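Protein chains: 2
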Amino acid sequence: MPAQISSEDQQLSTKIAERLKRDEAGLVAAVVQQFDSKEVLMLGWMDDEALRRTLRSGRVTFFSRSRQEYWRKGDTSGHIQMVKAVALDCDGDALLISVDQHGPACHTGTRSCFDGRALPAFVEPVFVEPVA
Amino acid sequence: MPAQISSEDQQLSTKIAERLKRDEAGLVAAVVQQFDSKEVLMLGWMDDEALRRTLRSGRVTFFSRSRQEYWRKGDTSGHIQMVKAVALDCDGDALLISVDQHGPACHTGTRSCFDGRALPAFVEPVFVEPVA
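Protein chains in written order, with the numbering used here: chain R, 22 to 153; chain E, 22 to 153.
No lab work stands behind these hints: they were computed from the structure. Each statement offered as a hint is correct.
Chain copies aren't distinguished; within one or between two, either way the pair holds.
Okay, derived cross-link-like pairs now, DSS-like style, lysine-lysine, Cα gap no bigger than 30 Å in a straight line:
hint, residue 1, residue 2
1, Lys105, Lys36
2, Lys42, Lys59
3, Lys59, Lys105
Remember, predicted model here, so these are calculated numbers, not experimental data.
So that you can see chain R by itself, here it is in the shape it has in the complex:
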């Protein structure tokens, strides 16, 4: 007699699936943050199955919009992301994935996908006390 496999192992639980507000492609945005330094490493996309794999396996899996396929981060590069925690935002269209990132998160070799990519911006004037 084969071992029973619960439907929860095969599909994202209904309770979570009901809270997702997917875009027209069936995806939600997934913000990936290093758990200790709090650095934002990258943003990827997940459908129900990518989220299920991420929650069940301890490794982050995305759905690639350009390649239209699942990719488990690090399978090619070795730069894996071990899941520390996952949260879904108030309106269900964004996930925050807390991870331990091994090596650089970015395919260009930088630690985060935002490193060295600042845009020119006007920021709030800061009041500076004259040095006495």
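Since the structure of chain R is provided, determine the placement of chain E on it from the hints.
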């Protein structure tokens, strides 16, 4: 003679616009992070004009997917986001907006839109040394 207004004041600069990889609705994801605590506060959406306003004004402006209109964060609630820095990721489909958030970021009253909204997840087993 009226003051000259450069095209840069009216439109997002071509240099930045060329780097954006917009979705089918013309939007990129914008991750908002508190500049000092590094907490991820929320995720919003920006088109070219919302990004231009954010870069030029020092206040974060999003484009609402549900209401199909611009909203400058805090205009209704008072919970404004002052821009500290903006970066665009390696493939141009995500922005990281570093801000000083006044009050809660979430419309539900929590500091971040992810607070108290964790999903059950399997995480990497952690090796614990027995206490001697």
